[in-house]
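Participant: If you want the building blocks of each chain, they are given just below.
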Amino acid sequence: MDIINARKSLGSKIFDFINITVMTIFSVIMLYPLVYVLSISISNSEAVTLGKVFLWPVGFDLTAYKIALVNPDIWNAYKNTLIYVVLGTTITIMLNTMAAYPLSVKQFYGRKYITVYFTVTMFFSGGLIPTYLLISRLGMIDTIWVMVIPTSVTAWNIIVFRTNFQGIPESLIEAAKMEGANSFRIYLQIVIPLSKPIIATISLFTVVGIWNNFFQALIYLNDNRMIPLQNYLRTLIISANFESQSIEENLEAITLMGSGKSIVGLMESIKMAAILVSLGPILLVYPFVQKYFVKGVLVGAIKG
Amino acid sequence: MEKVLSGRKRNILTHLRKDYDLYLMVLPAIVVVFIFHYIPIYGIIIAFQDYNPFDGYAGSEFVGLENFIDFFKDPFSFRVIRNTFYLGALMIFFRFWPPILLALLINELANLKFKRTVQSISYLPHFISTVIIVGMLFRFVSVDGGLVNSLLSSLGIQKINFTVSPEWFRPLYIISMIWQNVGWGSILYLAAMAGISTELYEAAYCEGANRFQRVRFITIPGITPTVIILLILNMRNIVNIGLEKVLLMYNPAIYETADVISTYVYRKGILGSDQSYASAIGLFNSVMALIVVLAVNKMAQKFSETSLW
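Residue numbers (the numbering used here), protein chains in the order written: chain E, 1 to 304; chain Z, 1 to 309.
None of these hints come from the bench; they were simulated from the model.
What you are looking at is a predicted structure, and each value in this text was computed from that prediction instead of being measured.
Any given hint might turn out to be false.
List time: in silico BS3-like cross-link candidates among lysine-lysine, alpha-carbon distance up to 30 Å [unchecked claim]:
no., chain 1, residue 1, chain 2, residue 2
1, E, K13, E, K177
2, E, K295, Z, K73
3, E, K13, Z, K113
Label pairs and their computed distance ranges (CB to CB) [what the hints assert, rightly or not]:
no., chain 1, residue 1, chain 2, residue 2, range
4, E, I25, Z, F96, 21 to 31 Å
5, E, I25, Z, Y42, 45 to 55 Å
6, Z, E66, E, I168, 31 to 41 Å
All C-beta atoms, glycine included, are put in the ideal place defined by N, C-alpha and C.
So that you can see chain Z by itself, here it is in the shape it has in the complex (with noise of 0.2 Å):
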């Protein structure tokens, strides 16, 4: 047995010293993720201590699992859950199909000039920020001469102060998301039909098919498994909502509609100091994106041979 050991590590040492300058190439990347990704998920042990930044992690008092019931026993927490799932679920739904809408239509343009103009065009907000995006998006319902206020007007409707109003955070959410990423999203179903043999078209049209027989019965579906694949891949959003864009969006007025977990967790643990507590609900989030992570990539291990791993 002894033996085989220091067989091993005599073997690991002349690695060491034969592609020394390998290792070391590799070495601060290395360095970097211990550092910055490594570290904080020690860290995490805060989520069961009553932290306080003078004892530190050593010294901090163990709780057990009190922040988390402490989360359940929170007014609030099942506003942020429902929050967070009803927007997860709602930006599923309109990343899905617009996109494939807008490919099949592109994909019919004959001219390839107006083609390639159209989708340059249509992947261009996808590189403007969130901040500009929702800079623009508040100019447009502003009640100062916001544009859409300005048509409710003109058609003898009263103003609605959108930026306010709980009902309409979701909306204005899911819109101009749709308006940023719909051409972005669809550049895959494009190469997926790019990738469908033309003697397929020769072939049904020789059989006398028409052109909507030869969208439904080749078009979609060559692009098929790529919908299904990234249909799944989209499902790990669900209790992912990006922070920024309802950070920037939000104010205490439309927290009923717009509080999700991950701002509710930056107020707890950033803007206020409970960070323990705070740590605790980050957690929790990343528990359950975990589990819709490793669900989704069995589904996605079913559905075809590529997985994530």
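One chain only, chain E, in its complex shape (with noise of 0.2 Å):
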């Protein structure tokens, strides 16, 4: 490529300035909506209301941030996400690895049949209503484990798994055979330190996954003091009638003190900085996690 890029034509100098151009407008576009939600959250509220908000905030005010972050709701909101996250995660982990590796054994008994057991699940489901009933009937509305042991075991975590724990070389399995170890021990002591990138690749996934989700919330946990972040955001943010009372509260007191704020627009204010606040954690670790995100892509890939 040096040869190539040695040596360049003025047209090929026009189409890199161009080029440079147009990803630098287009890092910017992707860029935009969150430097702008940071501008509406730390602005002056009468500023938000009437539109001058573009890009850079119009005055300074913490306002938002005191009363998001004062409000007890959004902190158990967060207690409730990390926890689902962890547990979620943990078993996760454990399950899919536990299952993988016996179908990654040659000699296994079995394993085409379970194999398929697992992959029919990828064409046929059950479908909401009846898994919903069937919850329900479990008894597990409102409780921990149906935010963190339904969607746990997946055909295609098991499937990447596999693989991975397939290009082990068997000479190593073999030795500790010969030491005596059975497979838990092999699983545990080999295959499990052995497959960190992967662990850790499919790990990642599945704490921004649980960190987003919404759905599994809002059916199954009536209870609001179980409710995870999300679902407290969208009560804030989307649903017109906010029912979060504290912060109602909040407001009512700053509108009687007369302090001369725009309701509107500190709504609007709080509203971000929530945003902010739960967006937080994820922007913190991105640019240190986000290989791995990347090559999990491409192993999913050259799987499927």
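The two chains are supplied separately, each in an independent frame; assemble them into the complex guided by the hints.
Facilitator: And the structure:
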């Protein structure tokens, strides 16, 4: 490529210039909504109501954060999300790797049938209503378990892990067997340590999946103290009639004080502050873990 | 015959005894899948019943295809089927070409650092939740100082209440989808481009091919297999509209364009109490989806050796 890049024609240089410009604009468009959200959250509420905020904040006002962060509901929702993420990811990784290891052992009798048994779920499912009826009959509504168990085992994860485990040199496993290790020890002490990258990748996808999911909680959790962050955000930023009482009370207090803030604008700032508070962890770790995600997509593609 | 059978039985027992620990390891996953995937498949029978919770699956009256017939008589059935296919087709189209275009442009960037930065930024929206995407979208188009309406009014155009206008649902849905997915969708194309041998480019260069010719005759043919496979696989989405985003975006004022099969099922079966009817609609949708998946898989097989099976 070096020879090609060294001598470029004029047309090629013009193209480079246009392409870099277009890609810069594209990057700005990708980031713009996030900057806009940040600006709204710290702008003067008057300016927000009048639509004066386009890119940079107008004025500087952290009231929205004060209100959003003193609200106990958001912290409770945060706590719930963390519990579901930690528990759900642990269960997902445990169950799927444990199922995948035997399926990667060539001499394991019945591995074909068991693989088909899992794969069937990729093509057939009972659908929303029968699943809902089953879960309510099991008494799992309003329990932690409904958030972490029903979706934990997927054919996709098992297949990805199995394919990966098949790449482990058989000589290692044979040697351990000679030493008298049983299958569970081989799984725990050889297979898992040698598969850290793929486990990290699938864990990350699972974490993001649970962190971002709101539908599971929408249909299976009625108890407001149990709802995760996404469902809290949904009530706050999307449903027109926000039910979050403590925020309303705070707003009233501020109006009563006659601070002259615009309620509509302040409410908008609070919504945007809440978005940023919930996006925070993902934005913070994203630059460091991004390459694992990309790797995960490629692993999946080779399989498919 | 009996000898063979008992021999086989003994065989299975030997395997069970020898590899009991392997069986124990796979067992929990088998149980979870049985309970949460296979039992609901059995539960589909309520689509053929007049289900009521007190009598359960066993006691509810069997009504045959009545629920399905009701669905086709339902004044809304045409609307939800039409909306599902319409939105599905739009999604396939706009998931198809924007990532390819982006990948081609990114691939032409010579500065590696800039290239990586653009890639990283473009993947980011993929990790933002649907709730937040819709929340930001609503903020952008809000009538109270939202960006779009502020621009419109500064141009002297009347404000539009986007979230309650049926004609704006699809554009908003698709535009936000492109924003969220274009970067992530380009990963596989970029990987395919990285796999093209640099010797090909150098040879073409020596033959006097200019840059556009190199893209046209080397890069594009190089990614064509990936393009075809991904296009075929994406076709599955035509009847598989994600329920979440529509559910967050719609309201009764825009059901005309926004209500799809899955949201209709949700309203009938979860918010309402017509579980049998909702299951029948859901089953109708799954059967269509399955037909599409099987057809698509056949096509994929024809185009390449790899297959989903």
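Participant: Going through the numbered hints above, which ones does this structure break? Give me the numbers in ascending order.
Facilitator: Per hint list: 1, 2, 6 violated.
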